[in-house]
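The numbering used here numbers the first residue of the sequence shown as 7 and each following residue consecutively.
Keep in mind that the hints are not guaranteed to be accurate.
To be verified - In silico SDA-like cross-links for lysine to any residue, where the CA-CA straight-line distance does not exceed 25 Å:
1) 497 / 668
2) 431 / 494
3) 515 / 556
4) 716 / 694
5) 330 / 194
Unchecked claim - Just the calculated beta-carbon pair ranges, DEER-fashion:
6) 122 / 90: 20 to 30 Å
7) 667 / 722: 45 to 55 Å
8) 639 / 306: 15 to 25 Å
9) 280 / 11: 47 to 57 Å
10) 476 / 546: 20 to 30 Å
11) 311 / 748: 24 to 34 Å
12) 77 / 179: 34 to 44 Å
13) 159 / 306: 26 to 36 Å
14) 387 / 90: 48 to 58 Å
15) 563 / 179: 34 to 44 Å
16) 444 / 546: 28 to 38 Å
Keep in mind the hints are simulated off the structure, nothing from the lab.
Each residue gets a CB set at the ideal place from its N, CA and C atoms; glycine is no exception.
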Amino acid sequence: MILLSKRQAKINITGRVQGVGFRPFIYRMAVMNSLRGYVINLGDAGVEIIVEGSKKDIEKFLVDVEEKAPEVSDIEDIITEYHIFIGKFNKFIIDKSKITGRVASGIYPPDIGICPECLNDMEDPEGRWYDYPFTACAWCGPRFTSVESLPYDRERTHMHDFPLCQDCNQNYYDPLDRRFDAQGITCSQCGPTMSLYDASGNRIEADDLFKETAGYIKEGSIIAIKGIGGIHLSSLATRDDVLEEFRRRKDRKNQPYALMSPDLQSIREYAVVSAVEEHHLTSWRKPIVLLKKKHKIISDLVAPGLDTVGVMLPYSGIQTLLFKHLDELALVMTSGNRRGLPMAITNKAAFNELGGLADYFLLHNRRIINRSDDSVLRIIDENPAFTRRSRGYVPDPINIPARKGIAISLGAELRNAAAIATNGKVFMTQYLGDVDTLEGLEFEKNAIQTMRDLLNITRNPDVMACDLHPDYMTSQYGQVISQEMGVPLVKSQHHHAHITSVMAEHAIKEEEVIGIALDGAGYGQDRQIWGGEVLKSTYLGYDRVGQLEYLPMPGGDLCAYYPYRMLIAGLTNALSDDEIRDITENHINHALPHKKNELELILNQSRRENTLKTSSFGRLLDSLSALLGITYYRSYEGEPTMLLEAFANRGSYQNITYQPEIIQNNGKYILNTSNMLKYLINNQNTFKKPDIASFGQKYLAEGISDIGLKVAEETGITKFALSGGVFVNEFITSHISNKLSKERYTVLRNHKVPPGDGGSALGQAVTALHHVI
Numbered sequence: 007m008i009l010l011s012k013r014q015a016k017i018n019i020t021g022r023v024q025g026v027g028f029r030p031f032i033y034r035m036a037v038m039n040s041l042r043g044y045v046i047n048l049g050d051a052g053v054e055i056i057v058e059g060s061k062k063d064i065e066k067f068l069v070d071v072e073e074k075a076p077e078v079s080d081i082e083d084i085i086t087e088y089h090i091f092i093g094k095f096n097k098f099i100i101d102k103s104k105i106t107g108r109v110a111s112g113i114y115p116p117d118i119g120i121c122p123e124c125l126n127d128m129e130d131p132e133g134r135w136y137d138y139p140f141t142a143c144a145w146c147g148p149r150f151t152s153v154e155s156l157p158y159d160r161e162r163t164h165m166h167d168f169p170l171c172q173d174c175n176q177n178y179y180d181p182l183d184r185r186f187d188a189q190g191i192t193c194s195q196c197g198p199t200m201s202l203y204d205a206s207g208n209r210i211e212a213d214d215l216f217k218e219t220a221g222y223i224k225e226g227s228i229i230a231i232k233g234i235g236g237i238h239l240s241s242l243a244t245r246d247d248v249l250e251e252f253r254r255r256k257d258r259k260n261q262p263y264a265l266m267s268p269d270l271q272s273i274r275e276y277a278v279v280s281a282v283e284e285h286h287l288t289s290w291r292k293p294i295v296l297l298k299k300k301h302k303i304i305s306d307l308v309a310p311g312l313d314t315v316g317v318m319l320p321y322s323g324i325q326t327l328l329f330k331h332l333d334e335l336a337l338v339m340t341s342g343n344r345r346g347l348p349m350a351i352t353n354k355a356a357f358n359e360l361g362g363l364a365d366y367f368l369l370h371n372r373r374i375i376n377r378s379d380d381s382v383l384r385i386i387d388e389n390p391a392f393t394r395r396s397r398g399y400v401p402d403p404i405n406i407p408a409r410k411g412i413a414i415s416l417g418a419e420l421r422n423a424a425a426i427a428t429n430g431k432v433f434m435t436q437y438l439g440d441v442d443t444l445e446g447l448e449f450e451k452n453a454i455q456t457m458r459d460l461l462n463i464t465r466n467p468d469v470m471a472c473d474l475h476p477d478y479m480t481s482q483y484g485q486v487i488s489q490e491m492g493v494p495l496v497k498s499q500h501h502h503a504h505i506t507s508v509m510a511e512h513a514i515k516e517e518e519v520i521g522i523a524l525d526g527a528g529y530g531q532d533r534q535i536w537g538g539e540v541l542k543s544t545y546l547g548y549d550r551v552g553q554l555e556y557l558p559m560p561g562g563d564l565c566a567y568y569p570y571r572m573l574i575a576g577l578t579n580a581l582s583d584d585e586i587r588d589i590t591e592n593h594i595n596h597a598l599p600h601k602k603n604e605l606e607l608i609l610n611q612s613r614r615e616n617t618l619k620t621s622s623f624g625r626l627l628d629s630l631s632a633l634l635g636i637t638y639y640r641s642y643e644g645e646p647t648m649l650l651e652a653f654a655n656r657g658s659y660q661n662i663t664y665q666p667e668i669i670q671n672n673g674k675y676i677l678n679t680s681n682m683l684k685y686l687i688n689n690q691n692t693f694k695k696p697d698i699a700s701f702g703q704k705y706l707a708e709g710i711s712d713i714g715l716k717v718a719e720e721t722g723i724t725k726f727a728l729s730g731g732v733f734v735n736e737f738i739t740s741h742i743s744n745k746l747s748k749e750r751y752t753v754l755r756n757h758k759v760p761p762g763d764g765g766s767a768l769g770q771a772v773t774a775l776h777h778v779i
């Protein structure tokens with residue numbers, strides 16, 4: 007009867023179960039439930055478990071696995087098969103790994119923020135990890151940034167340079183130790199070390215390098231600090247004089263800096279933190295989260311003119327030890343790079359590229375294999391909206407509804423990321439920044455090759471994908487490389503790629519959606535600059551069924567850098583030249599670099615038939631920013647619209663009753679925007695400026711939503727997909743989403759990749775596969 011009650015079970019678990027201490031966890035759960043057998047890694051196909059014991063114990067084991075799995079793990083599926091009890095095992099063991107050659111459940115985890123247990127180890131004066139900055143275990147530490155090649159073993163990581171001491175070796179082979187089989191473990195006896203240098207590269211000797219560095223920070227110095235995925239530049243966040251000097255050196259006049267605080271309590275001293283924001287801040291991924299400012303404790307120069315500030319918590323022992331010697335609520339912690347260059351990752355690059363920026367250099371002798379900037383997100387309607395997806399998230403795959411074929415997509419140009427699609431998953435590269443220089447393009451090439459190597463993709467892809475814009479370096483590279491490999495190149499219209507990225511995230515298959523794509527610029531099929539679009543979309547194509555009114559864009563990108571130029575050009579659709587001269591007379595001397603001469607040139611070019619035109623939502627927001635005198639020059643991408651959003655949060659649109667003006671032309675709905683600009687500029691002294699800012703956002707959001715609803719009513723389509731860089735604007739995103747939801751439509755947004763150009767490679771990849779496979 008005892009034998010009859012026993013069973014053998016074969017259990018296959020897929021998901022993020024590599025490099026997270028999953029096998030030792032399974033070992034502990036099996037022993038705790040009196041089971042015998044083994045657990046084995048199947049490479050990228052997950053883990054296989056054979057257990058023998060009573061069915062009751064096996065069932066309890068399965069419950070424990072699901073309920074007590076390591077926080078960093080992510081179980082996608084558990085498949086259990088029961089068999090006749092054989093009795094071939096006398097204990098439970100962790101068996102040697104075997105490789106299946108499949109890409110089924112990811113590569114290995116992203117970089118994992120330091121865990122509470124390791125932080126406790128760093129506080130133990132009797133332990134090997136006391137005040138040791140590289141403390142890590144199977145549950146935390148570098149992953150993506152550490153790997154040279156697969157399989158994921160120590161000799162193929164940056165820890166190859168640091169052989170294990172006898173004590174670490176014992177931890178490594180003890181299945182009951184949380185450092186069992188942890189490739190990144192080390193201790194003060196055998197691991198990497200820190201060094202401190204002055205601006206001339208001279209080494210500074212000190213009993214406690216972190217205490218010494220903290221002293222320099224307190225004095226107002228700027229420090230280059232080598233971390234997990236790159237080198238940061240850090241300083242005090244409370245002194246205006248320090249921030250002024252920081253901005254002068256970095257040639258970064260207004261672009262906001264990220265902050266790092268030692269704990270949540272400190273963050274709450276200067277920012278509002280919701281429950282959802284707290285969840286993301288304290289998660290093992292440790293992203294930068296945009297929070298609403300409160301109490302003026304942090305210098306206004308951290309994020310000039312904005313009502314939000316980007317904040318993260320320490321995610322490494324290096325950062326933890328620095329704060330141990332500081333009594334500061336926050337430090338500036340921004341990427342260490344020169345304008346136009348990727349973040350520095352080597353000690354040599356630190357001195358060569360950050361010389362003149364940093365006063366001191368706190369560096370270590372462990373290599374950073376793969377560069378990875380900090381991820382950035384904000385919470386809108388309880389869901390994340392990324393502006394940058396990198397450390398903590400890459401290389402986590404995204405499941406897509408296209409299971410066959412391999413595609414490589416190159417993304418767009420600014421704030422870019424590339425992607426590889428294979429076996430029903432898309433693997434986004436880390437954040438690449440702006441790919442408008444040779445250095446940026448080289449970084450993208452290397453990132454794609456790294457991802458190919460980690461995915462063990464040795465053959466050419468079935469298709470390449472890029473943006474439709476002929477002048478993007480990524481598009482030009484796509485043209486060259488597709489010809490060299492002899493594979494087709496699918497060029498995705500910019501806004502269609504945004505919409506298909508949402509469709510892919512939400513596993514939309516053949517269903518048609520109404521896409522609302524809002525951003526600053528994208529090359530249209532009519533060779534104009536799109537940016538405020540309503541597209542009836544599938545993966546294979548789209549119909550442009552709605553848009554913002556075309557406005558002239560004389561000088562092209564000059565209108566993006568000088569928003570008053572865009573305002574004047576937009577007004578030419580609604581006012582005469584003399585009326586515009588009269589209205590702008592008191593502004594052009596400080597709003598336009600070349601004053602009256604430039605005004606006349608803008609008026610002349612705007613009236614020409616062959617002048618470039620734009621339907622950009624972003625350029626309209628820029629125009630409103632200029633109209634209100636908020637800014638006349640864009641010093642960083644998105645600046646006028648971000649300042650407008652903060653300004654609008656001080657006002658209310660309810661005092662202005664001007665209604666959206668929608669016309670239909672050749673079967674396409676068009677939201678008039680020039681008359682709105684005319685109305686607001688003529689009444690700018692009637693209403694409060696913050697109210698005008700709030701109304702301008704509301705008018706555009708309301709109008710584009712109304713077009714979408716008209717199309718939905720006519721077509722019977724029930725799903726909306728919202729994407730594009732504008733959808734990191736909280737008011738506009740919430741207003742559009744709520745308006746559509748109230749009419750009982752399903753509203754889909756990007757939650758796994760940025761709605762901006764950093765997510766377009768996802769849409770490009772899925773679109774390309776649908777065209778070729």
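Each hint tested on the structure:
1. 497 / 668: At roughly 31 Å apart (the allowed maximum being 25 Å), residue 668 and residue 497 break the hint.
2. 431 / 494: Holds. Residue 431 to residue 494 sits at ~20 Å (cutoff 25 Å).
3. 515 / 556: Since the Cα atoms of residue 515 and residue 556 sit roughly 33 Å apart, the hinted pair is violated (cutoff 25 Å).
4. 716 / 694: violated (32 Å)
5. 330 / 194: Given pair residue 330, residue 194 holds - Cα atoms ~18 Å apart, limit 25 Å.
6. 122 / 90: 20 to 30 Å: For residue 122 and residue 90 the Cβ distance comes to about 43 Å; the hint is violated.
7. 667 / 722: 45 to 55 Å: Cβ of residue 667 to Cβ of residue 722: about 26 Å, so the range 45 to 55 Å is violated.
8. 639 / 306: 15 to 25 Å: holds (19 Å)
9. 280 / 11: 47 to 57 Å: holds (51 Å)
10. 476 / 546: 20 to 30 Å: holds (22 Å)
11. 311 / 748: 24 to 34 Å: About 33 Å separates the Cβ atoms of residue 311 and residue 748, which means 24 to 34 Å holds.
12. 77 / 179: 34 to 44 Å: Because 24 Å falls outside the window, the suggested range is violated.
13. 159 / 306: 26 to 36 Å: At roughly 49 Å between Cβ atoms, residue 306 and residue 159 fall outside 26 to 36 Å, so the hint is violated.
14. 387 / 90: 48 to 58 Å: holds (53 Å)
15. 563 / 179: 34 to 44 Å: violated (59 Å)
16. 444 / 546: 28 to 38 Å: holds (35 Å)
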